[in-house]
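Peer 1: The primary structure of each chain is shown beneath.
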Amino acid sequence: MERFITKENLIRLAEELTATCRVLAPVASCGTVTFRRFLPGMVLDMHSRMAAVSPKAATFPQTETLLTVKREIPEKKPEITETLPEGKNVVIGCRPCGARGKLIFNPVYETDKTKDPYYITRRDNTVFISLACDRPETTCFCHSVGSGPADAEGSDVLLTLVGEGYVARSVTPAGEEVMKSSLFADAGDKGKEADAKNVRARELMGEAHDYASAPAQLLARFDDMDFWQAQSAKCISCGACTYMCPTCYCFNITDDDLGLESRRIRSWDNCMSHTFTLEGSGHNPRPTKAHRLKNRVGHKFSYYPDLHKGVIACCGCGRCIKQCPAGVDIRQIVKAAQEYSE
Amino acid sequence: MSQLDDLKNAIKSHLGELECVIGWEQGYDPLHATPLFIRTEADLDRLIIGPLAVHNLATYLPGFKGKKIGVVVKGCDSKSVIQLLNENLINRENVVVFGLCCDGVVSQRKIRAALPADPGFVESVEVGAQDLKISVAGQSATLKLSDVLADKCLVCATPDAIISDVLIGAAHTPAPAASLACQDEFEAKSDAEKLAFWQETMSRCIRCYACRNACPMCVCRDYCIATSRDPLWISQDNSPAENMMFQMVHVSHLAGRCTECGECERACPVDIPLMLLRRWMNKQVKDVFELQAGTALEQTPPLLTFKVEEERINERGW
Ligand code: SF4
Ligand code: SF4
Ligand code: SF4
Ligand code: SF4
Ligand code: SF4
Chain A
1 MERFITKENL IRLAEELTAT CRVLAPVASC GTVTFRRFLP GMVLDMHSRM
51 AAVSPKAATF PQTETLLTVK REIPEKKPEI TETLPEGKNV VIGCRPCGAR
101 GKLIFNPVYE TDKTKDPYYI TRRDNTVFIS LACDRPETTC FCHSVGSGPA
151 DAEGSDVLLT LVGEGYVARS VTPAGEEVMK SSLFADAGDK GKEADAKNVR
201 ARELMGEAHD YASAPAQLLA RFDDMDFWQA QSAKCISCGA CTYMCPTCYC
251 FNITDDDLGL ESRRIRSWDN CMSHTFTLEG SGHNPRPTKA HRLKNRVGHK
301 FSYYPDLHKG VIACCGCGRC IKQCPAGVDI RQIVKAAQEY SE
Chain B
1 MSQLDDLKNA IKSHLGELEC VIGWEQGYDP LHATPLFIRT EADLDRLIIG
51 PLAVHNLATY LPGFKGKKIG VVVKGCDSKS VIQLLNENLI NRENVVVFGL
101 CCDGVVSQRK IRAALPADPG FVESVEVGAQ DLKISVAGQS ATLKLSDVLA
151 DKCLVCATPD AIISDVLIGA AHTPAPAASL ACQDEFEAKS DAEKLAFWQE
201 TMSRCIRCYA CRNACPMCVC RDYCIATSRD PLWISQDNSP AENMMFQMVH
251 VSHLAGRCTE CGECERACPV DIPLMLLRRW MNKQVKDVFE LQAGTALEQT
301 PPLLTFKVEE ERINERGW
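Read top to bottom, the protein sequences are chains A and B. First residue of the first sequence: 1, per my numbering; consecutive thereafter. First residue of the second sequence: 1, per my numbering; consecutive thereafter.
Quick caveat, the hints were computed from the structure, so don't treat them as lab data. For glycine and all other residues, C-beta sits at the position ideal for the given N, C-alpha and C. Keep in mind that the hints are not guaranteed to be accurate.
[Stated by the list, open to error] Interface residues of chain A toward chain B, partial, derived using beta-carbon atoms under 7 angstroms:
1. H47
2. E137
3. A208
4. H209
5. I236
6. C238
7. A240
8. C250
9. T254
10. D256
11. A326
[Claimed, not checked] Below, a sample of chain A positions facing chain B; criterion: calculated Cβ distance under 10 angstroms:
12. R49
13. T139
14. H143
15. R202
16. F227
17. A230
18. S237
19. R266
20. N270
[To be verified] Take a look, some chain A residues computed to stay more than 10 angstroms from chain B by CB distance:
21. C21
22. V43
23. S48
24. L66
25. R71
26. A174
27. G239
28. Q323
29. D329
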């Protein structure tokens, strides 16, 4: 289905959807744009810059309650309640990379052996209305990881800005459903203009980098700590990269104990942290930032593709590059491994 | 000869005795610098200095235990070096300090607000003596450096490195402004307004710990109580209250130690104005203990000493 929606009507759509869904959208506050719960009256900022924090929270919130425990009478058995996510979510205005990022979760959280009900429920109840990009940023490399600025994979509706509104194209039945709203109008021949814009954006990205040799070459450097020490020299091992990444899916589980009531929560974890691999014995197989960065890069560009049909566990959004306090560039690290010669 | 050439020559003459020298080079685009670890003369070609070289490289020093290295510092960064020395976190014999006489660095946030399009679309940058000529998304803009300087530079009392083995450039006569307008404005707010501000702002925090790890004085890092698992001191819930709790831990652990280098705020990916907390705390420390971290050698932070009775606190006066 192809329709057209004006900028004002998109805001109205977002506002209308808040009545029945949790809407996540890029909202500006104090000079920053982040994906957060959108409520009527808030200012949507879809165009000025890419949201610092990705839309990952729609399908994988930073903190979620897995279950609650009540101990009404101390001697009695505690009452345990599972808290599966309820309701529908809509993400509006993410870039194609942000929508595609969540696909990386699927082979991990839904396998023959294990199914993560929290993730699966959220994923199946979330609609992504993405916006194709006009031009890439200096840190964008979606085209090198098998995607592009108008990639519809992972989205339910793909918008392309044309004049004062957007050409909207449905990708899934759920997207089609949203587009039945009377806020959408006939697209006329605006579709051609949208196509031209999409082509132009892809051209602006230039030539793609070929990551085909990355899995093997990164693995070849696995025991080369000199290489990893040099690559990680400027890394401050904070973890900002992982928290902003649409494709990082590691979590921690802790109990928030509040006397007779407690919550078991799951929260984002990050492989840059010392405690990530700290074993109960006190031994830590990844004692330094060099070991940790090796894991982060290796996981995305080597171990994951080896396990999952060559798919790179990175959507090329570039957040980890542009938001890194020290300017660590994951593209350069992979390239250094690919170009390595003794 | 330019300041950069002088610096290169100075580094060249020390390279042989050092594991590496930490400076800056251009980062992923023309608007961003990134730390450079100089090991060979060839690496020196990439060295840059100037208003885009923002990182406080002293942050890396404690990580080089036992190795002799060099570091390039601006005036503010030199305070971190002094503070690290005062706390025995680094050894004077193991660092060669290449000090700069600094004209200030930019705030990427101010640049972002001043540009006609997002810096993500930057094409080229020309750094002049007084301005930055930037081309972004096909539009060009000339930004006056004085309009986009980091807040700390607006009130800088130490533009020239106060500890160094080699000092590069011509010394300044600093004339710092008395206080920072944004800080005064914030402090004039009522407690309720401040609380509302932090509740809103901290709802953005993603607890990524970039503020902690960028801080040269946050030396617990791997053993920070914010992420310790046994015991679990702070909830991993990212509610505004818990996020603020983490900031309170940071602030109180930095009392008398924070050199106001601004790295915590610079590192924050979601622009949380953390310096509002840091500057306020430093004011209290200065008031009570007459101490400013990193301004002199052989000062011990008040919270690292024990005195039966503090000189400026009338403990038994009530
Ligand atoms: S690794 Fe970096 S570029 Fe890749 S998806 Fe994550 S944040 Fe984006
Ligand atoms: S990487 Fe950049 S160009 Fe590609 S989809 Fe994401 S934001 Fe758009
Ligand atoms: S605070 Fe002073 S020394 Fe530091 S960058 Fe600004 S002007 Fe330079
Ligand atoms: S850097 Fe910013 S977002 Fe990250 S923990 Fe610190 S305040 Fe929060
Ligand atoms: S708390 Fe912030 S300003 Fe103070 S020393 Fe640490 S990074 Fe610098």
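Peer 1: Compare the structure with each hint and give your call.
Peer 2: Checked hints:
1. H47: violated, 9 angstroms
2. E137: holds, 3 angstroms
3. A208: Violated. Min distance 17 angstroms.
4. H209: violated, 14 angstroms
5. I236: holds, 4 angstroms
6. C238: holds, 4 angstroms
7. A240: Cβ of A/A240 sits 4 angstroms from chain B, so the hint holds.
8. C250: violated, 13 angstroms
9. T254: Holds, because the Cβ-Cβ distance from A/T254 to chain B comes to roughly 5 angstroms (cut-off 7 angstroms).
10. D256: holds, 5 angstroms
11. A326: holds, 6 angstroms
12. R49: This hint holds: A/R49 lies near chain B, its Cβ roughly 4 angstroms from the closest one there, short of 10 angstroms.
13. T139: holds, 6 angstroms
14. H143: With a closest approach of 16 angstroms, the A/H143 hint is violated.
15. R202: violated, 16 angstroms
16. F227: violated, 14 angstroms
17. A230: Given a least distance of 8 angstroms, the restraint on A/A230 holds.
18. S237: Since the shortest Cβ distance to chain B is 6 angstroms, the answer is holds.
19. R266: holds, 9 angstroms
20. N270: holds, 8 angstroms
21. C21: holds, 20 angstroms
22. V43: A/V43 clear of chain B: closest Cβ-Cβ about 14 angstroms, beyond 10 angstroms.
23. S48: Not fine: 6 angstroms to the nearest Cβ puts A/S48 too close to chain B.
24. L66: The claim stands: A/L66 keeps its Cβ more than 10 angstroms from every Cβ of chain B (closest is about 12 angstroms).
25. R71: holds, 19 angstroms
26. A174: holds, 28 angstroms
27. G239: violated, 5 angstroms
28. Q323: violated, 4 angstroms
29. D329: Not fine: 5 angstroms to the nearest Cβ puts A/D329 too close to chain B.
Of the numbered hints given earlier, the model fails hints 1, 3, 4, 8, 14, 15, 16, 23, 27, 28 and 29; all others are met.
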